[in-house]
Amino acid sequence: MSILADIFSATILFMIPLLLVALGGMFSERSGVVNIALEGIMIIGALCSCLFLRFMDSSGFGPAHPQWGMFFAILVAAFSGALFALLLAFASVNLKADQTIGGTALNMLAPAFAIVLTWAIQGQGQTTILIPTWSRITQETIGIAVKENFFQAFLFKSFYQTTIWAVFIFIITAVVLYKTRFGLRLRACGEHPQAADSVGVNVYRMRYAGVFISGLLGGIGGLAYTLAAGSAFQSTVAGYGFLALAVMIFGNWKPLNILGASLFFALFKILGSYSGSIPFLPKFENIKASEYIYLMLPYVVTMIILVLTSKKSRAPKAEGIPYDKGRR
Amino acid sequence: MGEQKRRSLRLPLNTNILASLISIGVGLIVGLILIYVLNAKAAGGAFISLITTGFRSSDKFAKVLYQAAPLIMTGLSVGFAFKTGLFNIGATGQYTIGSALALIGAIQFQLPWYVCLLLAMIGGAFWGIFPGLFKALFNVNEVITSIMFNWIGMFSVNLIINNMPMMLAKYWGGAQMDRTANLMQANPNALIPRMGLDVLMKSNYMNISIFIAIVFALVAWVLLSKTTFGYELKACGYNRNASVYAGINAKRNIVLSMVISGAFAGVGGGLYYLAGNGQYTLVKALLTAGFNGIPVALLATSSPIGTIFSAFFVSYIQVGGDAMQPDFVREIIDIIISVIIYLAAFALLTRELLARGKQHREDAALDAAEAAEEAAAEAVAEAVVEVKEEVK
Chain L
-18 MSILADIFSA
-8 TILFMIPLLL
2 VALGGMFSER
12 SGVVNIALEG
22 IMIIGALCSC
32 LFLRFMDSSG
42 FGPAHPQWGM
52 FFAILVAAFS
62 GALFALLLAF
72 ASVNLKADQT
82 IGGTALNMLA
92 PAFAIVLTWA
102 IQGQGQTTIL
112 IPTWSRITQE
122 TIGIAVKENF
132 FQAFLFKSFY
142 QTTIWAVFIF
152 IITAVVLYKT
162 RFGLRLRACG
172 EHPQAADSVG
182 VNVYRMRYAG
192 VFISGLLGGI
202 GGLAYTLAAG
212 SAFQSTVAGY
222 GFLALAVMIF
232 GNWKPLNILG
242 ASLFFALFKI
252 LGSYSGSIPF
262 LPKFENIKAS
272 EYIYLMLPYV
282 VTMIILVLTS
292 KKSRAPKAEG
302 IPYDKGRR
Chain Y
-12 MGEQKRRSLR
-2 LPLNTNILAS
8 LISIGVGLIV
18 GLILIYVLNA
28 KAAGGAFISL
38 ITTGFRSSDK
48 FAKVLYQAAP
58 LIMTGLSVGF
68 AFKTGLFNIG
78 ATGQYTIGSA
88 LALIGAIQFQ
98 LPWYVCLLLA
108 MIGGAFWGIF
118 PGLFKALFNV
128 NEVITSIMFN
138 WIGMFSVNLI
148 INNMPMMLAK
158 YWGGAQMDRT
168 ANLMQANPNA
178 LIPRMGLDVL
188 MKSNYMNISI
198 FIAIVFALVA
208 WVLLSKTTFG
218 YELKACGYNR
228 NASVYAGINA
238 KRNIVLSMVI
248 SGAFAGVGGG
258 LYYLAGNGQY
268 TLVKALLTAG
278 FNGIPVALLA
288 TSSPIGTIFS
298 AFFVSYIQVG
308 GDAMQPDFVR
318 EIIDIIISVI
328 IYLAAFALLT
338 RELLARGKQH
348 REDAALDAAE
358 AAEEAAAEAV
368 AEAVVEVKEE
378 VK
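Residue numbers (our numbering), protein chains in the order written: chain L, -18 to 309; chain Y, -12 to 379.
Hints in this document: simulated from the structure, not taken from any laboratory. There could be a bad hint or two in this list.
[To be verified] Derived pair list, reagent style PhoX-like, types lysine-lysine, alpha-carbon separation capped at 25 Å:
{"id": "1", "chain 1": "L", "residue 1": "Lys269", "chain 2": "Y", "residue 2": "Lys271"}
{"id": "2", "chain 1": "Y", "residue 1": "Lys157", "chain 2": "L", "residue 2": "Lys269"}
{"id": "3", "chain 1": "Y", "residue 1": "Lys189", "chain 2": "Y", "residue 2": "Lys47"}
{"id": "4", "chain 1": "L", "residue 1": "Lys160", "chain 2": "L", "residue 2": "Lys235"}
{"id": "5", "chain 1": "L", "residue 1": "Lys77", "chain 2": "L", "residue 2": "Lys298"}
{"id": "6", "chain 1": "Y", "residue 1": "Lys238", "chain 2": "Y", "residue 2": "Lys221"}
{"id": "7", "chain 1": "L", "residue 1": "Lys293", "chain 2": "L", "residue 2": "Lys160"}
{"id": "8", "chain 1": "L", "residue 1": "Lys298", "chain 2": "Y", "residue 2": "Lys221"}
{"id": "9", "chain 1": "L", "residue 1": "Lys293", "chain 2": "Y", "residue 2": "Lys238"}
{"id": "10", "chain 1": "L", "residue 1": "Lys292", "chain 2": "Y", "residue 2": "Lys238"}
{"id": "11", "chain 1": "Y", "residue 1": "Lys221", "chain 2": "L", "residue 2": "Lys77"}
[To be verified] Which residues of chain L face chain Y? A partial, calculated answer using Cβ under 8 Å:
{"id": "12", "residue": "Met89"}
{"id": "13", "residue": "Ala93"}
{"id": "14", "residue": "Phe94"}
{"id": "15", "residue": "Ile96"}
{"id": "16", "residue": "Trp100"}
{"id": "17", "residue": "Ala101"}
{"id": "18", "residue": "Gln105"}
{"id": "19", "residue": "Tyr141"}
{"id": "20", "residue": "Ile145"}
{"id": "21", "residue": "Phe223"}
{"id": "22", "residue": "Ile268"}
{"id": "23", "residue": "Ala270"}
{"id": "24", "residue": "Ile274"}
{"id": "25", "residue": "Leu287"}
{"id": "26", "residue": "Val288"}
This one's a predicted model, so the numbers in the text were calculated from it and none came from an experiment. Don't be surprised by glycine CBs; every beta carbon is placed ideally from N, CA and C.
Between the sequences and the hints, there should be enough to build the whole structure, so can you do that?
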């Protein structure tokens, strides 16, 4: 039973970054900007928030008020990611540049910048930023007694504030996208910007907003990934930004589907890392290093499902095309 | 208007090169500012070693050429797909599969180097089929397929090599558990020939791989610029609907373009590992070598011949970046390269501005010429009238 709790707990933990970042990507693409820079945005969000957590730790504020410290770190992650994303918005909206190329540049810039900055701050060769232990929410934090039951094992194995915020953010994004004037306008800009412009929507501003929101969510996703992956930030998010992009397409650019897709992908990923301790999974005893079969599994399954659902898949029509007022 | 359009289309080569050079210049200036901010005392010396190390000795120059060869190949791979309107972010996976097949041929089956290189090509081409096929048949975005197949490729290679005991360094008396055998011990015949160049350049990094890569670049150029097939590929890239309307089989071309693109990346992997200076390490992270093809292709604006120069440049400043250590971390090079690509992203804009500037000058010249012509014609007409009057 405790293994099951572990698996569920780990699945949720790895699902959160995918969900947040894929939702971020959705906002950008729904406004008409292909955001391949999610990976870089995650790295910048994680970098700034982890540096901030270190600073809080050494200043003494963090250990004294751990959850406030964490809350501020999340804000730092969000806004640093958003600022970085503005570089993409500037290139793709103002300069009408190729969005894929601009995104690739940012993806290359982010890890290099992270390493250079970490060196500059922590000294030569120090490329990891340790995350303080107080960042986790434990039974103690909310004042309940520690018990050895399924529920507590599931909830408190690895529980961070990012998980709570992800739930709120998911609800807010779904409402904003479908139930507000802003959401309607944003979607219009991704489908037919000329039509949106003709009824007085400022397409440039909407696309800036879309990319900015993707930066906010991508930054928090970067922090969430770093918390999930271990106890330190090492200038990488191991391709999670690209996976989130796949999850977004898999989720058909819709919030609820993205939730399902991220859960699905995270579950398969965790099955891979727990394959040794799950009794009913085949063990492939005569194959050496059989863990690679399970590590491969989420990618293979996602590929199969993408093929099967490709008929229904529909990307925003105007994504990737710079909007030029002169060509209406 | 038609005349004007034709004139601006005649310009792109020069303006492309100029735009790339401007991007490089700005990138280097950003790098210089950055290292001054980080450590002003060591900055001057470090910057000089960044931009001169590659040419300082034949040994360093050999290293530049050694690193440039696989970069040319991955750059060609990405650039070739770009020409057909596809973004091949899967060069890494194709490179990995190519490397693995080359090494399996070399170590497990003890084949000579040219057969191994052919295997690398086949491996890369095979891994390129998937994104192409999925795009053509199911309309799955090639970026996503490529990303998925990068990981699938890397895990498959690790799985396969782990199950071939002969492949590992340990079988041949090496100490490390996690990498493939040293080719020098396992099969010296599989090493790419050095033809005395290593003695000439005083470096054991030197072999003929750079020449092989340049030949491939020329092949890509001929394919794209001199054949009907290449024309069809480019037509699909410019406007898929129009090319279908003109009777081009766009689906077939998408698959073929990805296969050729994959083959280039695969050869890149083969060239790198058959040089014998590096051993394939079984790690759970994607090789960065394939991703480095993206900046190379962008800097060359996807032109195969340009790729040779841009790969050389990227390799050159990487060697320079290594020389800046330990005062500065080598990732500063990546920052410089990313600034260059960011600028290349709106190279279109720069190019337009440059072309417009040139256009203005040409237009002015044309106007002047026209005015002069008119004036001359008028003068002639007047003279004729005068002569006529005189005759009367």
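Hints and how they fare:
1. L:Lys269 <-> Y:Lys271: Measuring from Cα to Cα gives roughly 16 Å; hence the hint holds.
2. Y:Lys157 <-> L:Lys269: 15 Å, holds
3. Y:Lys189 <-> Y:Lys47: 10 Å, holds
4. L:Lys160 <-> L:Lys235: Cα-Cα ~13 Å, so holds.
5. L:Lys77 <-> L:Lys298: 17 Å, holds
6. Y:Lys238 <-> Y:Lys221: Distance ~13 Å between Lys238 of chain Y and Lys221 of chain Y Cα, so the pair holds.
7. L:Lys293 <-> L:Lys160: 23 Å, holds
8. L:Lys298 <-> Y:Lys221: 23 Å, holds
9. L:Lys293 <-> Y:Lys238: OK: Lys293 of chain L and Lys238 of chain Y at ~20 Å, within 25 Å.
10. L:Lys292 <-> Y:Lys238: 17 Å, holds
11. Y:Lys221 <-> L:Lys77: 22 Å, holds
12. Met89: Interface hint status for Met89 of chain L: holds (4 Å vs cutoff 8 Å).
13. Ala93: 3 Å, holds
14. Phe94: 6 Å, holds
15. Ile96: 4 Å, holds
16. Trp100: 5 Å, holds
17. Ala101: 6 Å, holds
18. Gln105: Nearest chain Y Cβ about 6 Å off; hint holds.
19. Tyr141: 24 Å, violated
20. Ile145: Since chain Y brings no Cβ nearer than about 30 Å to Ile145 of chain L, farther than 8 Å, the hint is violated.
21. Phe223: At about 5 Å, which falls below the 8 Å cut-off, the nearest Cβ of chain Y leaves the hint on Phe223 of chain L intact, so it holds.
22. Ile268: Holds: closest Cβ of chain Y sits about 6 Å from Ile268 of chain L, inside 8 Å.
23. Ala270: 4 Å, holds
24. Ile274: 7 Å, holds
25. Leu287: 5 Å, holds
26. Val288: 5 Å, holds
In summary, the numbered hints that this structure violates are 19 and 20.
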